[in-house]
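Same order as they appear, the protein sequences are chains A and B.
Be aware that the first sequence starts at 1, since it is given in the working numbering, and climbs by one per residue.
Be aware that the second sequence starts at 173, since it is given in the working numbering, and climbs by one per residue.
Hints were generated in silico from the structure; no laboratory data involved.
Where hints are given, some of them may not hold.
Selected chain B positions facing chain A (in silico; Cβ < 7 Å) [unchecked claim]:
{"id": "1", "residue": "I366"}
{"id": "2", "residue": "S369"}
{"id": "3", "residue": "P372"}
{"id": "4", "residue": "G434"}
{"id": "5", "residue": "H458"}
{"id": "6", "residue": "I461"}
{"id": "7", "residue": "P484"}
{"id": "8", "residue": "G504"}
{"id": "9", "residue": "A507"}
{"id": "10", "residue": "V521"}
The beta carbon of each residue, even a glycine, is placed where N, CA and C say it ideally should be.
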Amino acid sequence: MSYLKLIAVGLLAVLLGGCPQNTIPDPDPTDTTYGGDSGATTGGMSGDDPYGGDAIPDPFAGELQMVIYFDFDSSEVRPQDQDTVARHAMELGNNMRATVRLEGHADERGSREYNIGLGERRSQAVRQMLMLQGVSASQISTVSFGEERPASFGNSEADYAQNRRVEFKYIN
Amino acid sequence: MLKKLGFVLWVLLVAGGAARAELVIDVQGIAQPTPVAIVPFGWEGRTPNMPLDVAEVINSDLERSGRFAPIDEMKMLQKPTDGADVDFQDWSFVGVEAVVVGKVIQTGDNAYTLQFQLFDVFGRKQLVGYRMPASRGTMRGAAHRAADMIYEKLTGIKGVFGTKVAYVTATRQGDSREYSLIVSDQDGENEYTIMESKDPIMSPAWSPDSRQLAYVSFEGSKSSIFVQTLRTGNRFKVSSKPGINGAPAFSPDGRKLVVTLGGVEGNLDIYVLDITSRQTRRLTTHRAIDTEGTWSPDGRYIFFTSDRSGGPQVYRVAANGGTPERITFEGGYNARPRLSPDGTRLAMVHNDRGNYRIAVMNLARKDLLVLSTGRQDESPSFAPNSDILIYATRQGRNGVLETVSADGLIRQKMASGQGGDVREPVWSPFPRF
Chain A
1 MSYLKLIAVG
11 LLAVLLGGCP
21 QNTIPDPDPT
31 DTTYGGDSGA
41 TTGGMSGDDP
51 YGGDAIPDPF
61 AGELQMVIYF
71 DFDSSEVRPQ
81 DQDTVARHAM
91 ELGNNMRATV
101 RLEGHADERG
111 SREYNIGLGE
121 RRSQAVRQML
131 MLQGVSASQI
141 STVSFGEERP
151 ASFGNSEADY
161 AQNRRVEFKY
171 IN
Chain B
173 MLKKLGFVLW
183 VLLVAGGAAR
193 AELVIDVQGI
203 AQPTPVAIVP
213 FGWEGRTPNM
223 PLDVAEVINS
233 DLERSGRFAP
243 IDEMKMLQKP
253 TDGADVDFQD
263 WSFVGVEAVV
273 VGKVIQTGDN
283 AYTLQFQLFD
293 VFGRKQLVGY
303 RMPASRGTMR
313 GAAHRAADMI
323 YEKLTGIKGV
333 FGTKVAYVTA
343 TRQGDSREYS
353 LIVSDQDGEN
363 EYTIMESKDP
373 IMSPAWSPDS
383 RQLAYVSFEG
393 SKSSIFVQTL
403 RTGNRFKVSS
413 KPGINGAPAF
423 SPDGRKLVVT
433 LGGVEGNLDI
443 YVLDITSRQT
453 RRLTTHRAID
463 TEGTWSPDGR
473 YIFFTSDRSG
483 GPQVYRVAAN
493 GGTPERITFE
503 GGYNARPRLS
513 PDGTRLAMVH
523 NDRGNYRIAV
533 MNLARKDLLV
543 LSTGRQDESP
553 SFAPNSDILI
563 YATRQGRNGV
573 LETVSADGLI
583 RQKMASGQGG
593 DVREPVWSPF
603 PRF
């Protein structure tokens, strides 16, 4: 371990030390094929918008979010989603006839029935939070689909992150 | 002709007692399949062809077991259909250790006799010979039974070619999915859909007489446990309590199910449900997730998954109640326990360096053998002879089924005619004739 570290440090020293002697000439700054230091080239839209119009804002941008996501192996509502849960609590408090079904989900890793348990843990965490904010237990039901209903069908980390979630489903 | 039977196995051996050290051994498994000859069967009937190529069914059963290498028909010096015509010298020259001969005789419009004989080439004697009545509908089953008898005579292990598997498929249809619960022969033939739904179907479990399946269905966005009789298609809802109703498994006497119930508060615990009275008895009370219960074959214990220690591990509790006892200690993730029907081994989903794989633990020695090589393998289920397991693995984005011998040496992909994602295979008990 420390041996490898030594090699790495040594290599770094050689590379850094070697730099001044092996300076690569600056590429032609006007040649866009050698972009900046990011390695990627981006095109800026200079001057007039070629479409000559205005962007329309998303009319649902301020609306209540109907799904919140969870970290790996966690059923804790993330700080950035606590406001969403609070708004659902208000919604349910303002309309005592409304009921919500909290649908808990897990990513596909591991065994299926255990994942049902993990999904349920997430929907219960949201349920507890709603109840702490005064929502009546009779307005909430929970169901866990575990890994059975993925939102994203792939098997990358990004897909898994989309699948670890609780969905709010309003009934009436 | 060499089959690709060699592969690398990671064997995790746990030294027992106080010094629980982890030892990783790299084992190269090599199987030497026995050469045998299945001579094309004779046909004595009113039509030009026999209703089923019986020799082909026996041939592929034996070959798929990985323990036998049936020789090509072209290599046969003689093709007798009656035992009396077998020339042992010829077969010994060809290099096979056993020969199967037989024929199908038509005895009525839809009535046949299937007969076969198995010979030991070196011992020059008949090992087993049998005559079985069959119809067109039962001919394939009779051929599998013949293969079972041949397999048992040659290996000393009961054959499972006449058994079935149940599994769930999910087929994408636009944004939604169509779920099916399917029963087929163990070789993937004779697929029969017993239930279809737009909502998920999970956790099929065979009754000990293999006449019923219990399963979980999410019809109406709510989990319920059903028991369905295969012959009639009739089903009844045995549990639909608030919250989770999941993970059913039959007791050895077939009268009870072990199930997971969550209730309104979502605390998953293990319960025993009497199928006739619908009465439940709670077995665990821990705040952790307790699920995936399964009975020991002697009916004394229920093994289950619990994350009461942090990650999921396998525990067992006396079936009539008591304090749960932890069974698995190797690694941070051991779930979905299933016992071998002989009660000696425990199969589970085990996290092996980031990959979810099927592992088998010898309950006496406590050592863990990782049997599968996938990234996301799940749902292990033992064949009724305790010698083979079936499980689900990934091929690209789709789930497929694989079987592996309990020693890890012989592995086979099981094809399914159904498209989509195949998951949760469960092997039936031995059929009762």
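Hints, one by one, checked against the model:
Interface restraint check for I366 of chain B: the shortest CB-CB distance to chain A comes to about 19 Å, outside 7 Å, so the restraint is violated. Given hint, S369 of chain B at the interface with chain A, is violated; its Cβ is 11 Å from that chain's nearest Cβ, farther than 7 Å. Hint status for P372 of chain B relative to chain A: holds, with the closest Cβ pair at about 4 Å, below 7 Å. This hint holds: G434 of chain B has a C-beta 6 Å from the nearest C-beta of chain A, less than the 7 Å allowed.
The beta carbon of H458 of chain B is not positioned within 7 Å of any beta carbon in chain A (closest approach about 12 Å), and the interface hint is therefore violated. Annotation: I461 of chain B was flagged as interfacial toward chain A, and the flag holds, the nearest CB pair being 4 Å apart, inside 7 Å. At its closest, the beta carbon of P484 of chain B sits 5 Å from a beta carbon of chain A; the interface hint therefore holds under the 7 Å criterion. Because the closest C-beta pair between G504 of chain B and chain A is about 11 Å apart, greater than 7 Å, the hint is violated.
Hint status for A507 of chain B: holds, given a least beta-carbon distance of 4 Å to chain A, under 7 Å. Taking 7 Å as the C-beta cut-off, the interface hint given for V521 of chain B holds, the closest approach to chain A being about 5 Å.
In this structure, the hints that do not hold are numbers 1, 2, 5 and 8, in rising order.
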